[in-house]
Amino acid sequence: MQPLITPSIAQWEEAGVSLANALAKYLDLCTSLGTKSMEEGARPNDLVERIDSKLTSLHSTLDQQVAQVRSVLSETRNNIASPMHRLPEEILAEIFAHVIYSPNPFICDGVTEMEVHLLKVHRWVYRLLAVCSRWQRIVLGQGHFWSVIPIYRPRKSVNLESQDLYNKYRQAMLVSLERAQGRCLDMAAVLGPDIPRENFDVLKEYLPRARTINILASRQDHIRCVVDAILRSPNLNSLLELSIYQKRAHEFYRRPPQDHDCVYDLPSSGIAHFNRLLRSVPVLRISGAHMHWDTLAFSDRLTKLRLQAINFGNDRAMIDCLRDSLASATGLRELELVSIQSLYSTPEILTQLSAEIAPISFSNLESLLLDDLYWNTLLSLLNAIASSPRHLTLRLARHSQYINFPEAPSRTGGPLITSSIAQWEEADHAASLANALAQPPLSDPRNEITLPRSHLPGDILVEIFTHVIFSSPYQDVYDGVAEMEDDLLKIYRQIHTLLEVCTYWNRTLLSRGCFWYIIPIYRAPKPSDHDSRELYEKYRRATLASLARARGHRLDIAAVFGPDFSDEDFDILKEYLPQTRTINIVASEPSGMRNVMDTIIHSSSSLLELSICQKQAEQFYRRLPEVHDSVYPPESSDLAHFTQILRSVPVLRVSGVHMHWNKLVFSNRLTKLRLQAINFGTDRAMIGCLCRALVSATGLRELELVSIRSFYTTGTLLSLGTNVARLSFSNLESLLVDNLCYNTLLFLFKSIVSRTHRLILHLTQDSQRHNYPGISYRRDTDAEVVRLLQGLLKQTPVHTLHIDAAIDLTPNELGQFIDSIPMVDTLILDEVKFGIKRCHILERPENLPDEPFPSFQYLHFSRATIEDMAAFKSMVASHCQSMRKVVLGGHIRIPGSSGLHFYRSGQDEAKDKEIISQFEGIVPEFRLTDSDQVPLDFQHNAWQLW
Numbered sequence: 044m045q046p047l048i049t050p051s052i053a054q055w056e057e058a059g060v061s062l063a064n065a066l067a068k069y070l071d072l073c074t075s076l077g078t079k080s081m082e083e084g085a086r087p088n089d090l091v092e093r094i095d096s097k098l099t100s101l102h103s104t105l106d107q108q109v110a111q112v113r114s115v116l117s118e119t120r121n122n123i124a125s126p127m128h129r130l131p132e133e134i135l136a137e138i139f140a141h142v143i144y145s146p147n148p149f150i151c152d153g154v155t156e157m158e159v160h161l162l163k164v165h166r167w168v169y170r171l172l173a174v175c176s177r178w179q180r181i182v183l184g185q186g187h188f189w190s191v192i193p194i195y196r197p198r199k200s201v202n203l204e205s206q207d208l209y210n211k212y213r214q215a216m217l218v219s220l221e222r223a224q225g226r227c228l229d230m231a232a233v234l235g236p237d238i239p240r241e242n243f244d245v246l247k248e249y250l251p252r253a254r255t256i257n258i259l260a261s262r263q264d265h266i267r268c269v270v271d272a273i274l275r276s277p278n279l280n281s282l283l284e285l286s287i288y289q290k291r292a293h294e295f296y297r298r299p300p301q302d303h304d305c306v307y308d309l310p311s312s313g314i315a316h317f318n319r320l321l322r323s324v325p326v327l328r329i330s331g332a333h334m335h336w337d338t339l340a341f342s343d344r345l346t347k348l349r350l351q352a353i354n355f356g357n358d359r360a361m362i363d364c365l366r367d368s369l370a371s372a373t374g375l376r377e378l379e380l381v382s383i384q385s386l387y388s389t390p391e392i393l394t395q396l397s398a399e400i401a402p403i404s405f406s407n408l409e410s411l412l413l414d415d416l417y418w419n420t421l422l423s424l425l426n427a428i429a430s431s432p433r434h435l436t437l438r439l440a441r442h443s444q445y446i447n448f449p450e451a452p453s454r455t456g457g458p459l460i461t462s463s464i465a466q467w468e469e470a471d472h473a474a475s476l477a478n479a480l481a482q483p484p485l486s487d488p489r490n491e492i493t494l495p496r497s498h499l500p501g502d503i504l505v506e507i508f509t510h511v512i513f514s515s516p517y518q519d520v521y522d523g524v525a526e527m528e529d530d531l532l533k534i535y536r537q538i539h540t541l542l543e544v545c546t547y548w549n550r551t552l553l554s555r556g557c558f559w560y561i562i563p564i565y566r567a568p569k570p571s572d573h574d575s576r577e578l579y580e581k582y583r584r585a586t587l588a589s590l591a592r593a594r595g596h597r598l599d600i601a602a603v604f605g606p607d608f609s610d611e612d613f614d615i616l617k618e619y620l621p622q623t624r625t626i627n628i629v630a631s632e633p634s635g636m637r638n639v640m641d642t643i644i645h646s647s648s649s650l651l652e653l654s655i656c657q658k659q660a661e662q663f664y665r666r667l668p669e670v671h672d673s674v675y676p677p678e679s680s681d682l683a684h685f686t687q688i689l690r691s692v693p694v695l696r697v698s699g700v701h702m703h704w705n706k707l708v709f710s711n712r713l714t715k716l717r718l719q720a721i722n723f724g725t726d727r728a729m730i731g732c733l734c735r736a737l738v739s740a741t742g743l744r745e746l747e748l749v750s751i752r753s754f755y756t757t758g759t760l761l762s763l764g765t766n767v768a769r770l771s772f773s774n775l776e777s778l779l780v781d782n783l784c785y786n787t788l789l790f791l792f793k794s795i796v797s798r799t800h801r802l803i804l805h806l807t808q809d810s811q812r813h814n815y816p817g818i819s820y821r822r823d824t825d826a827e828v829v830r831l832l833q834g835l836l837k838q839t840p841v842h843t844l845h846i847d848a849a850i851d852l853t854p855n856e857l858g859q860f861i862d863s864i865p866m867v868d869t870l871i872l873d874e875v876k877f878g879i880k881r882c883h884i885l886e887r888p889e890n891l892p893d894e895p896f897p898s899f900q901y902l903h904f905s906r907a908t909i910e911d912m913a914a915f916k917s918m919v920a921s922h923c924q925s926m927r928k929v930v931l932g933g934h935i936r937i938p939g940s941s942g943l944h945f946y947r948s949g950q951d952e953a954k955d956k957e958i959i960s961q962f963e964g965i966v967p968e969f970r971l972t973d974s975d976q977v978p979l980d981f982q983h984n985a986w987q988l989w
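Residue numbers for the sequence shown, in the numbering used here: 44 to 989.
Errors might be hidden in some of the hints.
As the list claims (entries may be wrong) - Derived Cβ-Cβ restraints for the label pairs, each shown as a range: (1) 284 with 967: 26 to 36 Å; (2) 578 with 658: 20 to 30 Å; (3) 115 with 73: 22 to 32 Å; (4) 587 with 799: 44 to 54 Å; (5) 967 with 134: 19 to 29 Å; (6) 553 with 134: 39 to 49 Å; (7) 651 with 614: 30 to 40 Å; (8) 67 with 833: 28 to 38 Å; (9) 373 with 284: 18 to 28 Å; (10) 651 with 938: 51 to 61 Å; (11) 888 with 323: 54 to 64 Å; (12) 116 with 70: 14 to 24 Å.
Just so you know, these hints were derived from the structure itself, not from any lab.
Note that the coordinates shown come from a computational prediction; the quantities given were computed from them, not determined experimentally.
Beta carbons: idealized from backbone N, C-alpha and C, even for Gly.
Starting from the given sequences, assemble the full structure and let the hints guide the process.
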């Protein structure tokens with residue numbers, strides 16, 4: 044079947060052909076420009092000036108436009124190819140419903156849980172609306188996404204600010220009512236300290252469609268205001284559930300309730316209507332609200348009742364209220380009594396079950412929950428319940444150990460509790476108490492038999508074990524080779540920990556080669572005495588065991604060598620090198636690296652990745668490199684084999700190892716190269732080495748240059764524009780430049796002529812310095828650094844910017860710097876104070892000036908100080924159209940009982956959740972880290988296992 048060519052596709056393809064022809068013609072003219080212009084009498088200086096002008100203006104613009112075209116086409120292609128666009132709207136609607144209404148994963152208490160869940164529902168609705176027009180059409184076209192009607196903290200408008208807030212909440216309510224499209228409604232009211240009656244008057248016409256009503260308030264007159272609006276509705280036949288929550292002070296539970304505590308006082312004309320409302324709903328939940336229970340008799344419509352945090356007075360009054368009100372609730376299936384309280388008043392209950400208390404009988408009760416009750420309350424209920432439900436769930440909490448005396452609770456003992464329950468069971472109340480008391484002698488054997496781990500399929504266990512064993516360890520402050528060592532040790536400690544859990548896990552681990560493919564050769568010393576012999580044997584056994592258990596799996600060899608090691612440790616790997624996928628070597632001397640490489644180059648291997656790290660002394664970086672610094676001297680017969688190995692691998696990482704760069708030329712197999720802590724000599728030598736080595740690496744996609752060193756020599760900057768080789772990367776996608784001195788940065792960026800890659804720039808203390816051989820650095824001031832880097836980066840598009848804590852920029856200097864790199868979309872800062880001015884500098888203007896301003900997609904601020912949270916939120920919100928993720932850690936100023944104070948992120952879970960909730964509607968993903976955590980991005984000398 045021939046593909047359909049639409050007019051727009053034809054125009055796009057024609058434009059592409061025209062562009063290719065124009066570029067081909069331009070290339071021909073560029074090729075012959077020098078020869079023909081000289082023949083035509085052009086002056087050399089004029090031609091050089093014109094070429095420089097085109098390279099810095101036209102070519103820079105073309106590079107940016109080509110990169111933008113690639114980005115737009117990729118985005119269009121991904122959007123069209125995405126399966127999400129091919130899903131029927133009915134399936135998308137099901138997915139949206141799951142996303143919007145799934146429970147909040149955070150454990151909240153009191154008022155917070157309902158508030159957070161209500162806000163989450165509507166924030167997710169509006170997030171989905173903003174994704175694309177198709178999703179917007181689905182969300183707006185389905186009324187059930189708007190059936191939850193929020194009445195959220197409305198307050199009377201007394202000033203301009205509160206008027207705006209009132210209008211905002213009222214508008215949200217009216218929009219939901221309109222978009223619900225005739226569906227049954229779930230009304231949720233979270234009432235603040237002041238509520239206007241007109242909010243509920245608006246709802247009168249919609250109350251007949253109300254399916255559930257949930258009221259949360261701090262005072263009974265607030266509840267009464269809502270109930271009066273409900274009672275004025277002529278028809279409530281669709282109301283299936285009513286929930287009333289009143290937040291009470293602790294003192295309320297230390298005394299018997301009074302008449303003024305009730306929602307309606309006696310006598311009152313509204314109390315009969317209110318009681319009739321309570322009796323009419325099938326599901327009723329009441330928490331904290333006090334009623335005249337002696338006037339209330341539930342009907343047979345009631346199927347589920349939850350009473351929570353109710354103060355019944357004393358034990359006998361509680362039993363009388365429950366017995367009288369529930370006697371007519373013959374349809375009751377579920378009863379939940381949670382944290383209800385009664386004061387102890389009957390001494391006989393302590394010693395025996397009193398026969399004077401009239402029983403409570405449930406004819407159709409299926410489930411009874413008794414949760415967090417004082418001992419006297421629990422015992423009174425157990426004594427009074429005459430009929431047994433099919434299932435009883437008993438949750439014993441701290442209160443269950445106390446008798447609730449009016450003056451203060453007094454602690455009782457566990458044996459008294461268990462003996463009381465035993466008496467209740469012996470009275471032929473055969474209910475399930477499986478969750479009542481978790482005694483270790485019984486629970487341990489039971490768990491061993493029924494533990495789900497024994498029934499999980501092996502493939503699922505493998506997935507779980509893989510995550511546990513190979514997930515990266517917590518990124519703390521590591522340096523040098525420590526991180527690789529820690530990661531390697533962590534992997535094998537996790538494996539051996541899992542081996543010891545049970546025979547099933549042991550058998551699963553030992554039978555799967557995927558857990559043993561990393562072969563450790565860890566600090567193996569030459570055996571010279573008894574202790575070192577034992578240590579040597581221990582490490583050797585670990586190597587041999589992993590080789591045996593890998594079972595033909597492709598291998599990853601990880602070797603960490605100390606100053607003295609045994610050659611035979613690596614010799615045993617010769618026969619396994621053909622099945623080796625990656626090798627990572629860390630050594631402290633060139634001889635150690637050479638001994639390992641000798642084994643590799645004289646064996647047949649098909650490596651996909653080679654990582655070699657040599658830890659150099661600081662003095663090595665204060666001088667020009669010499670011949671003896673190389674792994675192989677120039678006259679060595681193995682140098683050619685070593686160079687061939689380096690050229691053959693697709694992924695190569697080199698740190699600290701000095702090579703004969705003038706003899707090394709990479710092949711088109713190389714896709715990723717990381718050069719770290721390399722001493723190239725002079726600036727010009729560095730560029731020459733990189734040009735020669737990379738000229739044939741046409742397949743290179745990722746290049747990382749980290750902490751490489753080159754020396755500034757007098758006069759080199761004057762000749763920078765002449766006789767300096769140019770670096771061009773035809774297929775490079777990502778370039779990382781991290782922790783380079785200013786002179787190295789300058790030569791590197793002036794030499795790179797291609798601009799289609801993504802540039803990740805990490806500025807550190809060394810970026811403020813010129814590197815001279817034999818003497819200390821020359822440091823520039825922060826103002827000079829900003830000026831120099833601004834000039835350098837104006838012609839170099841930067842996409843990700845890291846700024847180290849050592850660069851202390853003022854807000855104005857940071858603003859000037861950001862203005863010079865408008866294409867940056869990722870900003871990562873360490874130890875920065877965010878006051879009003881700095882936040883304003885980073886805030887994206889609503890009306891952009893002529894100069895472009897960055898649109899941030901990812902912000903990461905570690906060890907930060909947030910002095911003004913409102914300004915910080917405003918800054919983040921200004922980028923909401925592009926922002927995907929914000930990560931924050933540090934000291935954050937928040938209001939407290941004694942005014943503003945700082946708290947450390949990661950130290951207080953409740954405060955962390957409060958901060959996170961403030962950003963829920965602003966950014967799709969917001970994460971808090973520990974206040975002192977330093978990201979791996981700022982650990983320049985780290986050498987990773989992977």
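Cross-check of the supplied hints:
1. As the Cβ distance of residue 284 to residue 967 is approximately 33 Å, the hint placing it in 26 to 36 Å holds.
2. In this structure the supplied range 20 to 30 Å holds for residue 578 paired with residue 658, their Cβ-Cβ distance being about 21 Å.
3. A C-beta distance of roughly 27 Å is found between residue 115 and residue 73, which places it inside the suggested range of 22 to 32 Å.
4. The beta-carbon spacing between residue 587 and residue 799, approximately 49 Å, falls within the hinted interval of 44 to 54 Å.
5. Taken as a hint, the range 19 to 29 Å holds for the pair residue 967 and residue 134, whose Cβ atoms sit roughly 22 Å apart.
6. For residue 553 paired with residue 134, a C-beta distance near 43 Å keeps the hint of 39 to 49 Å intact.
7. A hinted range of 30 to 40 Å is violated for the C-beta pair residue 651 and residue 614, which are about 23 Å apart.
8. A C-beta distance of roughly 36 Å is found between residue 67 and residue 833, which places it inside the suggested range of 28 to 38 Å.
9. In this structure the hint that residue 373 and residue 284 lie 18 to 28 Å apart at CB holds, the actual value being about 19 Å.
10. At about 55 Å, the CB distance of residue 651 to residue 938 agrees with the hint of 51 to 61 Å.
11. In this structure, residue 888 and residue 323 meet the distance hint of 54 to 64 Å, their C-beta atoms being roughly 57 Å apart.
12. With their beta carbons about 22 Å apart, residue 116 and residue 70 fall inside the hinted range of 14 to 24 Å.
Checked against the numbered hints given earlier, the structure breaks only hint 7 and satisfies all the rest.
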